[in-house]
Amino acid sequence: MLRGHMPDGASNSPLSRMGAILTGPRPGFVSVLGLAVAGLVLLWLFVNAVQTPELFANVALIGLTNGAVFGLVALGYTLVYGILQLINFAHGDVFALSGLVGFTVLFSVFKVSADAASVMTVLAVLAALAITVPLFATINATIEFVAYRPLRHSPRLAALITAVGVSFIVQNIGLYFYDVRFRSASQLLPRDPVFELGDISYSWNKLIVLLITVPALIALTWFVRNTRQGKAMRAVAQDRDAAAMMGIDVNRTISVTFALAGSLAAIGGMLFLTQFNLRYDTGFELGLIAFTAAVLGGIGNLQGAVLGAMLIGFIQAFNEGLTWLSPGSDWTRSIVFGILIAILVFRPEGLLGERTPEGA
Amino acid sequence: MSSHGQAAEGRSNGVVLRLDDVHTYYGAIHALKGISLEVREGEVVTLIGANGAGKSTTLRSINGLNTPRRGRITFEGRDITNAPAHEVVKLGISQAPEGRRLFPRMSVYENLEMGAFQRSDRHALKEDVDRVFGLFPRLAERKDQKAGTMSGGEQQMCAIGRALMARPRLLMLDEPSMGLAPIFVERIFEIVKEINEQGTTILLVEQNALMALDAANRGYVLETGQIALADEASALRENEQVRKAYLGET
Chain A
1 MLRGHMPDGA SNSPLSRMGA ILTGPRPGFV SVLGLAVAGL VLLWLFVNAV
51 QTPELFANVA LIGLTNGAVF GLVALGYTLV YGILQLINFA HGDVFALSGL
101 VGFTVLFSVF KVSADAASVM TVLAVLAALA ITVPLFATIN ATIEFVAYRP
151 LRHSPRLAAL ITAVGVSFIV QNIGLYFYDV RFRSASQLLP RDPVFELGDI
201 SYSWNKLIVL LITVPALIAL TWFVRNTRQG KAMRAVAQDR DAAAMMGIDV
251 NRTISVTFAL AGSLAAIGGM LFLTQFNLRY DTGFELGLIA FTAAVLGGIG
301 NLQGAVLGAM LIGFIQAFNE GLTWLSPGSD WTRSIVFGIL IAILVFRPEG
351 LLGERTPEGA
Chain B
1 MSSHGQAAEG RSNGVVLRLD DVHTYYGAIH ALKGISLEVR EGEVVTLIGA
51 NGAGKSTTLR SINGLNTPRR GRITFEGRDI TNAPAHEVVK LGISQAPEGR
101 RLFPRMSVYE NLEMGAFQRS DRHALKEDVD RVFGLFPRLA ERKDQKAGTM
151 SGGEQQMCAI GRALMARPRL LMLDEPSMGL APIFVERIFE IVKEINEQGT
201 TILLVEQNAL MALDAANRGY VLETGQIALA DEASALRENE QVRKAYLGET
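The listed protein sequences derive, respectively, from chains A and B.
Heads up: the first sequence begins at 1 in this note's numbering, then just goes up one per residue.
Heads up: the second sequence begins at 1 in this note's numbering, then just goes up one per residue.
The set of hints was computed from the structure by calculation and includes no laboratory data.
Mixed in with the good hints there might be a few duds.
Rough simulated footprint, nothing fancy, chain A against chain B, three-plus residues with beta-carbon under 8 Å [what the hints assert, rightly or not]:
no., region
1, 29-39
2, 91-97
3, 108-117
In this text, a Cβ means the ideal position worked out from N, Cα and C, and glycines have one as well.
Pulled out of the complex, with its shape left as it was, chain B reads as follows:
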């Protein structure tokens, strides 16, 4: 319970991303009612919660697709509250969005290329494609296939690979396990850990709370646009409330 709201300002203690009392609306709907959270360098932080709790809206507030009406978002000490989406990528945050959102009529390779769209060091493209193919050998086999014709699991790999092509310092994953076969779900979470071990900070949104808390260092539980709980992942896994509501125990 204690990790939230106590850290000092700035990068000194390794806080990469900080949300301060963020309020976001969809038209007249008050979707986020004062979200405060932080992600420190090298961590995997997970946001869990039911459908409609505001998990994806939190990510959309960070990545610039929805601008918060109140509150402040800082990334590496820089205010990005009002930054447009294409600027946020440039600053070092990329995302594999919910539902994958690949470019269906582009090949796998072109999708990966799009991931590096904003980078100026485009000569390093090959190197990064090789890195992604190393993580997901399946994508190498399918590099010329139209992304829209692949299976859900393959599309998810491609979406994560595409996000990595931006060389993010913070990678946001929105429901990476959604709709996937169990074998793919496990593989995806292994990859999440692997990416994190290679040095990328990760903010992970999941409905599969059990898997998410296994992969994460810390977690936040969202309920109707507010943070209900915040703690170490191991502590949340033991938490009575969480076990009942999200881990399917009675």
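Just chain A, same shape as in the assembly:
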């Protein structure tokens, strides 16, 4: 969707006006349906918020934190899709492997003791990031170089299937080195409350996630908007050949994009490790959730990926945490992937994406 060329006034041609007339009733029906569903969801949230306000607030804070972690992974999908139009299915597995390697760095290299959180353990998490981030930036760029670059001029399907293959390879590397056990570092970040308002509380381990994620997102946005390399990324995403004609090294730019995506995945993997537990195949499902978030926001759109991830984080938390008429955790997957299908059918360009002739 980022590379589409723009025929002059295509949107005003008689043909597309005709199309608009023919398909006229459909958006009407869909928006009525969509508004009805959104209305019911809002009503459900409202009733829950009134009945159990403290629970509602606590669950919303959990959703915010989880959404931030999803956002780091979703950005990796959207960055790569934006520049190559490739859905990099290996991304979720790179994320999970980075968490497992993070575990090794923390407990085998730094020999952190997992008993009690302290300033030292928080610093250890940051120091471990200083190792895993560059490592997984390199790994992700290498994946592109080895697996995707030779297929640059092949049909998109070839690269897509290769991405599925790379996903299996990365997952099995995780299985080989880390077997099937779950790993967690949930004791390393302090769980004391940052604030308590009655029964509403927010603990430090969750705030630290935001304290790391938000600056990372701001830095990424700044990088893409303002730096020379960021401008090169945007140019390559919009028109690869034209970018080359401007003197932009397209291959290098694509490598940088994969390195950035790998860095974000490594931050996400480490934070996930400190909140939950993960093993070799965690990346499969989390990758799909993050991919859904990217599509929800409008794949290729950075702000969209973060917005989509936040929404998915809230949806998951509300669904699992609220009590009145809540479907519960058994339904989380069905709901998240139901959303994916609904977006692809009714609004393939996502919430913030642009309609293009090619579609999304």
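Given chain A, work out where chain B should sit, using these hints.
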């Protein structure tokens, strides 16, 4: 007929660009079957020919987007046959590609900035933007508009302006008049002459042979990947074959 193939080697006689028996393929398709041509300093040289004759492929072979399988391309005496596209710009060749290929979601100003991407003297950016705005006052009015939302003529101005931002010594224009209203076509060709008078050598690819031959010093006629004719532009304009095939006369 005589200008092609006789010039001596090197820069001494002002040859800026030389193609020697260039063969380029698209996959299995033999698109260029031995193109030889040259462009001298200060000239406007035009390539004319029908759709699919190989005009754009010739430009893509020069700018590095397609690497020729055989033959040699030299620019200012330097072999650029295998140079990647981003290096070719650095050496001093820039292009306004066919279909304009602006960055649609960047503003006009950002597009112009991208044109100067490879330059190290980026402090001179302002000066060059002013030069482009001088040539195309319309772009100054629209500098904050998204390039993809402008009219075809405005986009073409922006594409030429963007190519100029690289401070090229050879400017390649691919079908600058394509799809434009007649009033814009004339304006674009006036600008081409103006840019040339300011000292930039130009290689112009056009389907509008009449306008192209009016603007050019010399021309090459391409047919199915080969050079069919090469001569002074004025002579080509009088040529019986050219008049029939490309100038719409019977």
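### Query
Looking at the structure, which of the earlier hints fail to hold?
1
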